[in-house]
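Note that the protein sequences, when read in sequence, are chains A and B. Start counting at 1 in the first sequence, then tack on 24, and there's your number in my numbering. Start counting at 1 in the second sequence, then tack on 285, and there's your number in my numbering.
No lab work stands behind these hints, which were simulated from the structure alone. Ideal Cβ positions, reconstructed from N, Cα and C, are used throughout, including at glycine. Please note: incorrect hints may appear among the correct ones.
Partner residues are not named here, just some residues of chain B that face chain A (Cβ under 10 Å, in silico) [unchecked claim]:
1. M315
2. G448
3. E454
4. I455
5. S458
6. I462
7. I464
8. F466
9. S470
10. Q495
11. T500
12. A531
13. Q534
14. L535
15. L538
16. V590
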Amino acid sequence: MEYELPTEFDIIIIGTGVIESIISAAASRIGKRVLHIDSNNYYGGLWASFNLDAIHKLSANTEVLDPPTDLINPDETTFALGNDFFSLKNFKTDWHIPKAETQPENENVEEKNETESEEKPEKPITQDSLIKDGRKFNIDLAPKLQFARGEFVELLISSNIARYSEYRSVSRVLTWLNGQLETVPCSRSDVFANNKVTVIEKRMLMKLFMALDSGDQEYLNYDNKTFRAFLTDKKLTPSLIHYVLYAISMSTDETLCLQGIQNTKRFLDSLGRFGKTPFLFSMYGSGEITQAFCRLSAVFGGIYALSQPLSSLIFDNENNFKGLICGKQRISAEFLVMGAEKAPPEFIKSPPRSFIARAVFITDRSIMSSEKEHLTLLLYPPEGGKNSCVIIELGTLTGTCPKDLYLVHLISQQVASPEDDFKHCVENLFSKFEDDKKPKILWSCFFSIPDSNALDLKTGVPGNVVLCPGPDLDLDYDDAVKKAKAIFSDLYPDTEFLPRAPDPEDIIIEGDTEDRNDEDEVVLKPEENTDKVAESETEAKSDNDQEVPKSENEHEE
Amino acid sequence: MHGRIKVRTTEEQNLQKHKEQQKKLTAYRMGMKQILATRDADSYNKDSLALSAQLLTINPDIYTLWNYRKEVVLIEIKKSYQDEVADDQKLIHFFEEELRLTEQCLLSNPKSYGSWHHRYWILNHHTKPNWQREFDLCNKYVSLDDRNFHCWDFRRLIVNKIGISLADEIAFSTERININFSNYSSWHYRSTLQILNDENSVANDLILVQNAVFTDPIDTSAWFYLRWVLSHPGITKIQKEDLLNALEQLQELEPECKWIIMAKCWLVKQGNLEKDAICRLKRYYTELIKLDPLREGHYKDCFKVF
Numbered sequence: 025m026e027y028e029l030p031t032e033f034d035i036i037i038i039g040t041g042v043i044e045s046i047i048s049a050a051a052s053r054i055g056k057r058v059l060h061i062d063s064n065n066y067y068g069g070l071w072a073s074f075n076l077d078a079i080h081k082l083s084a085n086t087e088v089l090d091p092p093t094d095l096i097n098p099d100e101t102t103f104a105l106g107n108d109f110f111s112l113k114n115f116k117t118d119w120h121i122p123k124a125e126t127q128p129e130n131e132n133v134e135e136k137n138e139t140e141s142e143e144k145p146e147k148p149i150t151q152d153s154l155i156k157d158g159r160k161f162n163i164d165l166a167p168k169l170q171f172a173r174g175e176f177v178e179l180l181i182s183s184n185i186a187r188y189s190e191y192r193s194v195s196r197v198l199t200w201l202n203g204q205l206e207t208v209p210c211s212r213s214d215v216f217a218n219n220k221v222t223v224i225e226k227r228m229l230m231k232l233f234m235a236l237d238s239g240d241q242e243y244l245n246y247d248n249k250t251f252r253a254f255l256t257d258k259k260l261t262p263s264l265i266h267y268v269l270y271a272i273s274m275s276t277d278e279t280l281c282l283q284g285i286q287n288t289k290r291f292l293d294s295l296g297r298f299g300k301t302p303f304l305f306s307m308y309g310s311g312e313i314t315q316a317f318c319r320l321s322a323v324f325g326g327i328y329a330l331s332q333p334l335s336s337l338i339f340d341n342e343n344n345f346k347g348l349i350c351g352k353q354r355i356s357a358e359f360l361v362m363g364a365e366k367a368p369p370e371f372i373k374s375p376p377r378s379f380i381a382r383a384v385f386i387t388d389r390s391i392m393s394s395e396k397e398h399l400t401l402l403l404y405p406p407e408g409g410k411n412s413c414v415i416i417e418l419g420t421l422t423g424t425c426p427k428d429l430y431l432v433h434l435i436s437q438q439v440a441s442p443e444d445d446f447k448h449c450v451e452n453l454f455s456k457f458e459d460d461k462k463p464k465i466l467w468s469c470f471f472s473i474p475d476s477n478a479l480d481l482k483t484g485v486p487g488n489v490v491l492c493p494g495p496d497l498d499l500d501y502d503d504a505v506k507k508a509k510a511i512f513s514d515l516y517p518d519t520e521f522l523p524r525a526p527d528p529e530d531i532i533i534e535g536d537t538e539d540r541n542d543e544d545e546v547v548l549k550p551e552e553n554t555d556k557v558a559e560s561e562t563e564a565k566s567d568n569d570q571e572v573p574k575s576e577n578e579h580e581e
Numbered sequence: 286m287h288g289r290i291k292v293r294t295t296e297e298q299n300l301q302k303h304k305e306q307q308k309k310l311t312a313y314r315m316g317m318k319q320i321l322a323t324r325d326a327d328s329y330n331k332d333s334l335a336l337s338a339q340l341l342t343i344n345p346d347i348y349t350l351w352n353y354r355k356e357v358v359l360i361e362i363k364k365s366y367q368d369e370v371a372d373d374q375k376l377i378h379f380f381e382e383e384l385r386l387t388e389q390c391l392l393s394n395p396k397s398y399g400s401w402h403h404r405y406w407i408l409n410h411h412t413k414p415n416w417q418r419e420f421d422l423c424n425k426y427v428s429l430d431d432r433n434f435h436c437w438d439f440r441r442l443i444v445n446k447i448g449i450s451l452a453d454e455i456a457f458s459t460e461r462i463n464i465n466f467s468n469y470s471s472w473h474y475r476s477t478l479q480i481l482n483d484e485n486s487v488a489n490d491l492i493l494v495q496n497a498v499f500t501d502p503i504d505t506s507a508w509f510y511l512r513w514v515l516s517h518p519g520i521t522k523i524q525k526e527d528l529l530n531a532l533e534q535l536q537e538l539e540p541e542c543k544w545i546i547m548a549k550c551w552l553v554k555q556g557n558l559e560k561d562a563i564c565r566l567k568r569y570y571t572e573l574i575k576l577d578p579l580r581e582g583h584y585k586d587c588f589k590v591f
């Protein structure tokens, strides 16, 4: 179907990653004419999420198209879009279960009649059965959790984008301590109820939390010392140090005191707002987040087009961006923003040298079994030369996998290769065979994401062009938001970043006659309070979990 | 110009609010007048009943209207007995309507005496009350605000009415404590459940309350419960010594907390007073007077007994 896009915009954005999408929403919101396009047939780019079928079809890249020469003026130069520096590396997927059921039907029936056990004999899970449910999976390339009082959630609320997405609370935070999985006591009631911590340790932990909360300044003496040293001097026991250092502040032995304290405060500040843990997870996967921003952009007039045949960029002889060639059209704009992976290779002066190691598993039970389904964050400490790993375990209530299965994401700063870097986690937490206690990995996927965040993406790039970095190692989107804000204020200084729309109660539409009396005045129906992040979804599913001010963990924690 | 959007100024907002309030006031006055005019011993006016529901939803504290509704309910009950047809569907439907109204009112004000009392009154007259649903309602409101004494009282009333298993209630109580132990209501409820009837539960509760006081020594509700537990005759000497040692450790961490010392006093005072117990008590009370000079008189009195 041939259709034509308009050929002139204020800003063109190529790529639908998170940073690009935030900028798109912000520009559209202040009235700029935005064209937001992608050569992919899906939203999200390197931050997208895929069902089980689509993830097997992820191909490494795209053909370079030749631009029709009649669109280019003689004194202009072109650069072909797309480079190989930032695409996923070492991508591999494996099945660990048989393809199809090997036993014929009637044998099963006989067994059922014979067994006297209470449990029905379970049908073995096969590749075919998972593929059949393939659409129920939403596998993120770059899964993230959101701090309940973090910059990102505040942005969602202040810009009203919150109503475009739904969230669930992370219901427990675990760590690996002394060869076992342990729950991290984060809130006061956790500390109280935890029976692995002695009463004196409970007191110490609470004292530390309260001291940090009250802005106790004694850590100023620890300017060049590590957070670990600070905690040791506070006479915390080794277990407590493990909980605070590796889990709550997500630091390492080398992290400096001030940073460690800031990390701890970040964690503690977000407690109790939406749940017992500080974290939220976007329902249906983190890929939904880019779409929420794109939705706002479209609401304010942004034009969206996926699957576009983007070929090259046109520059004039003063090296200013002039136009984009998309299919047979030449589209111009004042500014061009694009994801780093879409940029012409000539613009990438320093290729990525560090990588984010990733693994995704489909498993048959939780790493720590419990009565109800949990959304688990496991903070695995650094071990044997490997970096700390963030492990997120999602159940069916998150909308990312079918019933009775779990989706597990592992994220770490790459040392050698994803398989190598996660080997110890896999050995300790999972089994490849039938093991009553540990979950079995039914399907695994490993890949590396080149980390574009510490790179210089400005040098050698023309003045009206901006490159956006891709996924980073931060657990939340704070860094991404900061970068998007910085890029936005460079492009449009002195403008507001995603301001909130006025409350409908205060809006009156003036009609033709000015002297109407009150009864005839048209007043828009007041909207519900959109201040809360839209997990009224989670509120409705409430079970017997209690609430602290707002909505706490609902239903399954 | 046609169709422009204008945002109200604060002054305009205030004026608008005042107008709305006046409207409400007029509506209220008219409503009350009408309802009271139609009161009758043998029958009732359906419009008035509906009107009373509207007014109560806005303001559940109009006792008069709740009582008016009670009168109506009694009339309905009488009518139902007089109707020989043994079909109480209509009556039940009527009761359910009342319950629904109270629920609506509780949503807007969970602390209204009128709503809770009306609900309980209806349940008492209800021919087929669903007590499980009442429990669930209680749970919901306790979750929303665990200090809502109306809700706790309501729970006690229901428990007495239907008699529920002790184990269940103990489990409920433990759960509430786990969620938030800074709550006199939860601890008090626990103490009314008569759970300290064997050594095991005494030991368990001792551990539970110890966890609480260590996690947060400033929270007084847990100390009160500890005192109650310690007053149980079944506390063994070993338990007392262990607790005393733990409290000594806690005191090192929290030298400013008077409750720790008071707890030590409770422990030492009980049972046989060995010779050095009196010396200890003297020391403790002296410390207490230093920490809490406003209660000096009280501490001196406590010590006089010895």
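Now for the hints, and whether the structure bears them out:
1. Contact between M315/B and chain A, as hinted, is not supported at the beta carbon level, the nearest pair being about 18 Å apart and thus beyond 10 Å.
2. Look at G448/B: its Cβ only gets to about 22 Å from chain A, farther than 10 Å, so that hint breaks.
3. Taken as an interface hint, E454/B does not check out: its beta carbon lies about 14 Å from the nearest beta carbon of chain A, beyond 10 Å.
4. Because the beta carbon of I455/B sits about 16 Å from the nearest beta carbon in chain A, more than 10 Å, this interface hint is broken.
5. Hint status for S458/B relative to chain A: violated, with the closest Cβ pair at about 13 Å, above 10 Å.
6. Annotation: interface hint on I462/B holds; nearest CB of chain A at approximately 8 Å, less than 10 Å.
7. Proximity of I464/B to chain A holds as hinted, the smallest CB-CB distance being about 5 Å (cut-off 10 Å).
8. Restraint check, F466/B versus chain A: the minimum CB separation of about 6 Å is within 10 Å; hint holds.
9. Annotation: interface hint on S470/B violated; nearest CB of chain A at approximately 14 Å, more than 10 Å.
10. Interface restraint check for Q495/B: the shortest CB-CB distance to chain A comes to about 6 Å, inside 10 Å, so the restraint holds.
11. For T500/B, the shortest C-beta to C-beta distance to chain A is roughly 4 Å, which falls under 10 Å, so the interface hint holds.
12. With its C-beta approaching chain A no nearer than about 6 Å, A531/B sits inside the 10 Å limit, and its interface hint holds.
13. Below 10 Å, beta-carbon pairs count as interface contacts, and Q534/B has one with chain A at about 5 Å; its hint therefore holds.
14. This hint holds: L535/B has a C-beta 6 Å from the nearest C-beta of chain A, less than the 10 Å allowed.
15. Hint status for L538/B: holds, given a least beta-carbon distance of 5 Å to chain A, under 10 Å.
16. At about 31 Å, the closest approach between the beta carbon of V590/B and any beta carbon in chain A exceeds 10 Å, and the interface hint on this residue is violated.
Comparing the model with each earlier hint shows violations of hints 1, 2, 3, 4, 5, 9 and 16; every other hint is respected.
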